[in-house]
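Trainee: Here's the letter readout for the chains.
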Amino acid sequence: MKRLLSVFLITLGCTAIILSGCGSSSGSAAGKNGKLYVYNWGEYIDPDVITSFEKETGIKVIYDMFESNEIMYAKIAQDDSAYDVICPSDYMIQKLIESGLVQKLDYSKLPNATANIGKDYWTKSQQFDAGNLYSVPYCWGTVGILYNKTMVSDPVDSWNILWNSKYKGEILMQDSVRDAYMVALKKDGYSCNTTDKAQLEQATQDLIAQKPLVQAYVIDQVRDKMIGGEAALGVIYSGEAIYTKRENPDLEYVIPKEGTNIWIDSWVITKDSKNKENALKWINYMCRDDIALKNFDYITYSTPNVKAQAEITDDDIRNSKVAFPDLNSIKTEAYSNLGEAGDRMYNDYWMQVKSAD
Amino acid sequence: MLKSAKTSRLLASPYLAWAFIFILVPLGMILYYGLTDDAGAFTLQNITYIAKPAYFKSLLLALELGVISTVICFLLAYPLGMILAGMKLGRHEFILTLFILPMWMNFLLRTLTWMTLLERKGVLNDILGLLHLPPVYIINTPAAIVIGMVYNFLPFMILPIYNSLSKIDDNVINAARDLGADPLQTFLRVTLPLSVPGIISGITMVFIPALTTFAISAMLGGSKVLLIGNVIEQEFTVAYDWHLGSGMSIILMLFILINMVISSVSDRKEAG
Numbered sequence: 023m024k025r026l027l028s029v030f031l032i033t034l035g036c037t038a039i040i041l042s043g044c045g046s047s048s049g050s051a052a053g054k055n056g057k058l059y060v061y062n063w064g065e066y067i068d069p070d071v072i073t074s075f076e077k078e079t080g081i082k083v084i085y086d087m088f089e090s091n092e093i094m095y096a097k098i099a100q101d102d103s104a105y106d107v108i109c110p111s112d113y114m115i116q117k118l119i120e121s122g123l124v125q126k127l128d129y130s131k132l133p134n135a136t137a138n139i140g141k142d143y144w145t146k147s148q149q150f151d152a153g154n155l156y157s158v159p160y161c162w163g164t165v166g167i168l169y170n171k172t173m174v175s176d177p178v179d180s181w182n183i184l185w186n187s188k189y190k191g192e193i194l195m196q197d198s199v200r201d202a203y204m205v206a207l208k209k210d211g212y213s214c215n216t217t218d219k220a221q222l223e224q225a226t227q228d229l230i231a232q233k234p235l236v237q238a239y240v241i242d243q244v245r246d247k248m249i250g251g252e253a254a255l256g257v258i259y260s261g262e263a264i265y266t267k268r269e270n271p272d273l274e275y276v277i278p279k280e281g282t283n284i285w286i287d288s289w290v291i292t293k294d295s296k297n298k299e300n301a302l303k304w305i306n307y308m309c310r311d312d313i314a315l316k317n318f319d320y321i322t323y324s325t326p327n328v329k330a331q332a333e334i335t336d337d338d339i340r341n342s343k344v345a346f347p348d349l350n351s352i353k354t355e356a357y358s359n360l361g362e363a364g365d366r367m368y369n370d371y372w373m374q375v376k377s378a379d
Numbered sequence: 030m031l032k033s034a035k036t037s038r039l040l041a042s043p044y045l046a047w048a049f050i051f052i053l054v055p056l057g058m059i060l061y062y063g064l065t066d067d068a069g070a071f072t073l074q075n076i077t078y079i080a081k082p083a084y085f086k087s088l089l090l091a092l093e094l095g096v097i098s099t100v101i102c103f104l105l106a107y108p109l110g111m112i113l114a115g116m117k118l119g120r121h122e123f124i125l126t127l128f129i130l131p132m133w134m135n136f137l138l139r140t141l142t143w144m145t146l147l148e149r150k151g152v153l154n155d156i157l158g159l160l161h162l163p164p165v166y167i168i169n170t171p172a173a174i175v176i177g178m179v180y181n182f183l184p185f186m187i188l189p190i191y192n193s194l195s196k197i198d199d200n201v202i203n204a205a206r207d208l209g210a211d212p213l214q215t216f217l218r219v220t221l222p223l224s225v226p227g228i229i230s231g232i233t234m235v236f237i238p239a240l241t242t243f244a245i246s247a248m249l250g251g252s253k254v255l256l257i258g259n260v261i262e263q264e265f266t267v268a269y270d271w272h273l274g275s276g277m278s279i280i281l282m283l284f285i286l287i288n289m290v291i292s293s294v295s296d297r298k299e300a301g
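Heads up: the protein sequence lines correspond to chains D and B, in order. If you count the first sequence from 1, you need to add 22 to reach our numbering. If you count the second sequence from 1, you need to add 29 to reach our numbering.
Keep in mind the hints are simulated off the structure, nothing from the lab. One should not assume that every hint holds.
[Stated by the list, open to error] Going by beta-carbon spacing under 7 Å, a handful of chain B positions derived as facing chain D:
hint	residue
1	150
2	226
3	251
4	267
5	272
Where a beta carbon is used, it is the ideal one built from N, C-alpha and C, also for glycine.
If we strip away everything but chain B, and leave its shape as in the complex, we get:
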């Protein structure tokens, strides 16, 4: 018994070392830099900087675009999840693969492609021109960023929703029908509640990367739309102010933490 505990500890050590070096140490560094000034003295100044209009606005905008993208992802993913779950084995795997396939390519490359599609003289406007329709200027607007986020993060919403939907026992649905529920009632009172864990993890997996992104907003926003992720990136690279960058990161982490707490609470509710 003792021996096996020792072995398992030994086996776990690489993971512990990994967690320590790549999770705990960086987190500690962010907290240290975020709460100190150049002289190393404790300060909250890096945190309160968020109250400056320019910084606060970037946080609000990031939250707004994150929520919009998450909602769109959900609205697209849920019906698809239901269709897939209702399909025969084999076919749904094929369609699922189609959705995951683009993820095999580099994320930056795929976002770069959206630039070419949406550009003023891009593919989209070429097609509109052929149809004698007026061109649309989507690139470098918040809308372009939302498109990029939905495109990149949709699979993270589809997979958990599909998983939880496919786990629902057919007999539960049949029982509801037997007891006289119509399709809408069955959906609202049986299917939807049972798929909540999938929805929650889908929301978390889409909302957090959407909130923190700086690559998509820089590329599809033409650096005209400033999100909190861009602010942090600028502080670290351009302004070389690690203290302020870390302070902003702490604020962002708070929002992520809130999201995680909400999801874990609702998870526990499900379990109970």
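Next comes chain D alone, as it looks inside the complex:
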């Protein structure tokens, strides 16, 4: 949906640029300390945070949103100078580093990051950013099953329930290659980064077998459809669990026993950023504990900012196993970049699933 909307908005934007070319070209309203182009996930920040950043720093923020890592990559690979600071996920950060599209960070300008971000998250980040040179964690979480207690009678503790024909038409799957395959691969006990043909073949057959049971493949809509009772089970990011439960108390989030994906979304600065200093200020600002807390209250995605974690006032949330699971008690695996051949292979298999009856 957002993808379509953004196409529409881009068209409008192009028209506006052409039209503004006829009028005065000096009209772009820069802040007194310049501009900053931010590219982040949709609904992934408290809008007040942007305003307060602008007020405190005098930097004008131009804020754009993307719906998937792949869409973001397509845009950055075209022209990375279009944005200064972006917030991709782990495997995509690895891909950006390997493609030389991001630059090393000057940590002397990021005191809040070094002070407030927990050690565990820096360690986890090493998997895609060895030496923590390029990225600063912003949010993290797991992928799990959100289910409606009034509609599901069986215990939900395994990915297998998504293959239970009792819930035909009541299941929502993620419309993204990596997440869909992660579910099938983990169910069979494989790594979610496998490039083994036999394992992927099996996962593909599983996903095709599952397709008649699936109501729809969606991304952001899982949240609203689950709240509205449109479906009984949905694959969703842990960050949505607190929000959806708040809206519909019948919903429960579970991390399946076979293990799941753990993801970290981190800030990176593009290689050809035109506003590097402002980008560093932005990252540092996002790591301030009061800002991270304000953001967490709004978007409910787990923050790696341990100082902010300690300041959460609601005991239930501060001690929540959903928001802050004990990483030693669950099996988790982060995505890594599959390379071009790997991506092509996953995509071809995914097309088979999508075109199956």
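Position chain B against the provided structure of chain D, taking the given hints into account.
Mentor: Frame of chain D, contents of chain B only:
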């Protein structure tokens, strides 16, 4: 004379520039990307990819749904066109406006509304529930996509058909009657042939957007039904494979070209 030619060329220049920047350049880029690989070497691999079952199936399905939608649009639009053409001035304009009115709203918004109507717990099933009828599950099936396409593209069929029907001189019909043709014969041998240009342009205007759509199928098909338009969109956005996406686009363009050739040939026949 020379001066006026110069002025007209000058006046035409914005349109030429427009056509160059927004039609020729993108077309050239699609051809370039579609016929090269990552290294920039010539290849037909992006085109032959269509032979893969998953890709070929999406093309066939897009053609099938496109044809079904076009036929339904035609069956709905022709009688309406005839009714409108037979109406007194003023009234038919009102009804025509009613059909065009929804087009003033954003197309995505209208398609989104169909989602709410057809959903499992949507408006349609609410109404059926009130009448104690069993619910129907149309959303996320090819049928939902056809409904969406017919709804969105119907005006493009009605307008040209109505236009060509209203241009038919009453005297031609009267002459046919005078010469002893019954209503059915008059329709089959006079009205229908004279409205062919409208039918052809209606078919083109419905079939091409129906064949290439990816928005309607993504929204009403729940991403479960993969059309060739969705494949192209995925290649460009998700897979970031511009070569393959362009290759698929070239295939789709071939079908559009065939459609255009057929319509222009039959147009010329009409003129001759």
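Trainee: For every hint, state whether the structure bears it out.
Mentor: Checked hints:
Here the hint on residue 150 (chain B) is kept, as its CB sits about 6 Å from the closest CB of chain D, short of 7 Å. Violation of the interface hint for residue 226 (chain B) is found here, the shortest Cβ-Cβ separation to chain D being roughly 32 Å, above the 7 Å cut-off. Contact between residue 251 (chain B) and chain D, as hinted, is supported at the beta carbon level, the nearest pair being about 3 Å apart and thus within 7 Å. Nearest Cβ of chain D to the Cβ of residue 267 (chain B): about 4 Å, under the 7 Å cut. The hint holds.
Using the Cβ-Cβ criterion of 7 Å, the hint placing residue 272 (chain B) at the interface with chain D is not satisfied: the shortest such distance is roughly 11 Å.
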